[in-house]
Amino acid sequence: MRRVPRIHAQYHASVLPSLISTASPEFKAKAEAMDSLVADLEAKAAQARLGGGQKAADRMRSKGKKLPRERLSLLLDPHTPFLELSSLAAHEVYAGETIPGAGMITGIGRISGRECMVVVNDATVKGGSYYPLTVKKHLRAQEIARENGLPCVYVVESGGAALPHQANVFPDKEHFGRIFYNMAQMSALGIPQIAIVHGISVAGGAYVPAMADENIIVREQGRIFLAGPPLVKAATGEEVDEETLGGGQMHSSESGVTDHLARDDEHAIAIARGIVGDLGAAGAKPGVPSAKSENPLYPASELHGIVGTDLRQAFDMRDVIARVVDGSRFREFKKEYGPTMVTGFAHIHGYQVGIVANNGILFSPSALKATHFIELCSQRQIPLLFMVNVTGYMVGSKAEKGGIAKDGAKMVRAVACADVPKLTVIVGGSFGAGNYGMAGRAYSPRFLWMWPNAKVSVMGSGQLSQVMTSVSKDPKQHASLKDEIEAQSTALYSTARLWDDGIIKPTDTRDVVGLGLALAARERNHRGRNGGSTTWDGEGRGYGVFRM
Amino acid sequence: SSSQDASLRKAHFDKVLIANRGEIACRVIRTAKKLGIKTVAVYSEVDANSLHVLEADEAYCIGPAPSAESYLSMDKIIEVCHRSGAQAIHPGYGFLSENAKFAERLAEEGIVFIGPPSSAIVSMGSKSESKNIMSAAGVPCVPGYHGTNQDPQHLFEESKGIGFPVLIKAIHGGGGKGMRTVHSEDEFMDALESAKRESQKAFGDADVLVEKYIVRPRHIEVQVFADMMGNAVSVWERDCSVQRRNQKIIEEAPAPGLTPELRADLSSKAVAAAKAVNYVGAGTVEFIFDNDTQQFYFMEMNTRLQVEHPVSEMVSGLDLVEWQLEVAAGNPLPLKQSEVPLIGHAFEARIYAENPRNNFLPDSGTMLYLSTPTPTHIFAPTFPPLIPAEGTSTDSGDVAPREVDTSVTVAPSLRLEQGFTQGSQIGVFYDPMIAKLVVHGRDRTEALRMLRRGLEEYKVVGLSTNVEFLLALASHEKFIAGDVETGFIPKYFDELFPPIPEPSSELLAQAGLYVALRDHPTQPADSTPWTTLQSRRFGGDVYERIISIQSDDAAPDAPPTTVHVKSVSPSTFDVTIRSPSGETLAMFPSVPAHLASPTSLRTTLGGAGLETTIVSQPPPAAVPASLAHGTMERLHIFSAGGRKTTLVLPTPGWLRSLGGDVLSGSKGALRAPMPSLVVEVRVKLGEKVVKGQPVVVLESMKTETVLRSDVDGVVKAVACAKGEMVEEGKELVDIESEEAESA
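Residue numbers (the UniProt record's numbering), protein chains in the order written: chain S, 1 to 548; chain W, 74 to 816.
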């Protein structure tokens, strides 16, 4: 890879100016509003990190087990980053039940010097059982792993599907069975699948270790069986205890279901670290940035006062970009044309990136400019970063006559087919078809993060009121529907349902995106070249690793 | 001397062989190099990479490790001497240095022995003969009766003549058996009877001698030098009173509290002693000095350059090895008595591999880490020539009273005499002395300050050392006051060995930070945000490392103290210390910390900037993990003030469990518990052994360990041989247990 010589921080045509006034009352008010939203986010995230609470934690500890986050901490290389995904999944989703993080910790971290996807069952939450959103979180983690070629380490302790929810967990395409489908395909694609069985791993859950390329079980603690002792007794009359039926000793010495027998959680994790260290060429190599990382010229903390929390208050996205990109340098493309769209090239943590950002409503020229820019990036193999604050495409006869639908479609088509990794950060609103053009969830960006103030819905609240009056005459109904839609458009609502990969603090944007770009830049094993597709196409890749 | 006609001077040797090892060999090589003399080192097989071998111009292996087969082997040394063309041999101290036969052999072979004539060695080697010679020469000896008349009444009369208190000693005695101190006449008969009884029982001989008992003795010795022309001078006295196990550990010059007249008297007597045996070269006349009466008595004369010669060099500004070479070449002494300077004060502290808290038992092993103070000097500082005052330069053999000169401006100096480097094996085959720290200052106070500073900076890991003990000694108020005596250590024992304090929270915090930091991944050349964004977590998440720590003397399975190190930024940490029961003992928020080197932690705790040396001693790789502290990682922390604390990082349970399997799987196999010498293998292949039967005898610096079979069985393999040096953890003998056979 060609290395761009380091440009020292000096005034340069591409350096974005900072024209904001941090002393203005507007800035201060916006900053305060964002501060409290961020504080609320951190409080909720901290609460979610406690998992199922003290009692459940004490119970696990009393059995000599490590807590899920302790396992995670031991598994990752010390003092390294961890990019946690959807930490507020299932937040206030299941009526009457608190399922912190959907009972699962997922994220990307370094193990033995390699970035890996880590999926940790949280047995302090309902015994680690799979709620519908647990399945969704697991599948999303696998999707990210597949797209970025990340070895997967499953830290297993789960009773399997949450039976009362089986209809939303078991039968459909993107349900429980998909986990093993993904494991099989990733294995075939050369993406290693490693499982550590710390506790119960039963029924469908038994297939996680069984489908893994290499696995570990903890002696007198991990248990793998298709049916537990009560079910066995009911089915065949056989009376057997759990350890005999599916304990580590049996599986390691007799059935061959497990490969490594560990003395305790710590030992199991040490073995897993050893396995990842020995992945050879199967774990992709890190992609080294083309330039040296430089800090932006202006502090990220000012993002709070620039953007605020009221989406109706406009801001210049360049002020955001100036606090995210290396050296605040942004080489803008077609600056004068379609000015509600901001496009240009920059570096983040040394990685080249093409930024597509909103500075207002999308008109035909804006859409065309974005389409042109996406084509450029696609041709040059430069990843795209969408920085979203869009109310949608322009409406009205003038716009329709100008072919806004046609031009918007060009942009959507370009986004859908762009042959480069896409990352999306929703900084403000992502409404209507603007969501499509700006790489919303349906357009499979590698990652999609939201700021705490961000909103996603079919249209902005302004339009919503107007539309309401045109479709119904009952003002009472208008109000309640409007409230409902507004509640459903918040970042918290979105992240709870895994419409995104997590809410991030505005000040974390640069680092989160940098980590994401680093993953996108990974040199993939040639067998995984087309790993971006989530649909199996065979191509004579064989079957991955069978457990013998 | 300066008046010496240059044309009459005899040339130095071109090449000298040093029949020694360690620091003294290095010391001799340095002076030889200074004078342009080539050096030849000899070494045993285990010393092949020693410092003296590296520093010499040529080096020859003279045999296996045991001294008798190498450094004491006259034939081999003489052969090397001829082969290399060396004209003289410097014997150093110990080994062959006071061997009259060696001196004689060399004379026969036409090789110069850098030391006294063999006759002087013989005379001084015999205690009784030397005392007779001394008495004849007017040198006072300890009053006593050494005769054959064992009649109690006769012994009593003799004792009265000597004056009470007296000491009754068994003639064939040793180790305090058959020894009685008698303070008054009426105690004498009972004490004599019991001494004789004990002596008969212990040694099969009831004969005793009677000597003057000195209540508060000091050990004062005089450095003398004599040339072949019959000239002899004193290079003043040294005080070596403070001793342990009858061995010196700290020496100083001049002796504190001596009047110039007493100094002159001691020196005169020492010179007389040297002359009485026609001494040539460097020698030391040792006296026992009665602190109460200010009387001194001849003890013995050491016919070699002593370990502690540097203190005399420091106060005189001389190079005594150079003088030895000068004299051996046949030249007269370079200075007259009146020209020998006596400036300032000097100390030498001997750093030994030993355990002061365990009765100073020697330790042995590999010096894993060594960091020393930076020496200011290689040789003694040079002083301006001394111009004798009118009328004092008699040079009649008598020594004029001499005041210590404190008027000369001297910068404090520090010298290190060492023969080992990091990685050296110490004390397995040879003397466990690691180094000598030598300091000099304008006066005793300044020299002591330098000594303490130097000791604080002397850091060794891998072996127990007496550094901390020496520091306690050099800081003791009575020592500072110059109130020394041979019984100093037992007398102030409790103050010299204060209880070891529990490790402080600051210390534990530093240990935790050290472990956390050294385990952080290193930045690869090809960095990505995944490597540069260290410890970066999101949404308020923080990486925390929990480190379990035990003190070195804790029971191995005692629950550990934990240090919780949270990465609040790439280089700042919240550190919390928790007791084994989980209660918070201390918290240090936002502590900046980094490793300045792999063994140096820089941090700020409680507002105090600290740079602490921390050395990790990893467990031996081939020894399965167990509860034994020796199989766990140890951290050696050198805190301010020279205190060394050793902490243990307990091995995780699972690793011990795995180690336990290996150990139980190899039941019957006997492994070396420490690096040691195989003294004896008591079994043969195929031999039947019973549980508890001695199988192998090991020696590790003067301590024998008998390894016994822990099963009944048959010897399946013998993997060691007598005289072999074995590493820690090596399997020596495998015994197949009978249970295994039948099973």
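Do not rely on the hints blindly, as some may be mistaken.
In silico DSS-like links for lysine-lysine, alpha-carbon gap of 27 Å or less [said to hold, decoys possible]:
1) K321(W) <-> K65(S)
2) K348(W) <-> K204(W)
3) K285(W) <-> K321(W)
4) K348(W) <-> K63(S)
5) K149(W) <-> K233(W)
6) K639(W) <-> K66(S)
In short, the hints are calculated from the structure, not lab data.
Against the structure, the hints come out as follows:
1. Distance check on the hinted pair: K321(W) and K65(S) sit about 57 Å apart at the alpha-carbon level, beyond 27 Å; violated.
2. Proposed proximity of K348(W) and K204(W) is supported: the alpha carbons are some 14 Å apart, at most 27 Å.
3. Taking the CA atoms of K285(W) and K321(W), the gap is about 23 Å. The hint holds against a cut of 27 Å.
4. Pair hint K348(W) plus K63(S) does not hold up; C-alpha atoms about 84 Å apart against a cutoff of 27 Å.
5. A threshold of 27 Å between alpha carbons decides the hint, and for K149(W) with K233(W) the separation of about 54 Å lies outside it, so the pair is violated.
6. A hinted pair counts as satisfied when its Cα atoms are at most 27 Å apart, and K639(W) with K66(S) qualifies at roughly 18 Å.
In summary, the numbered hints that this structure violates are 1, 4 and 5.
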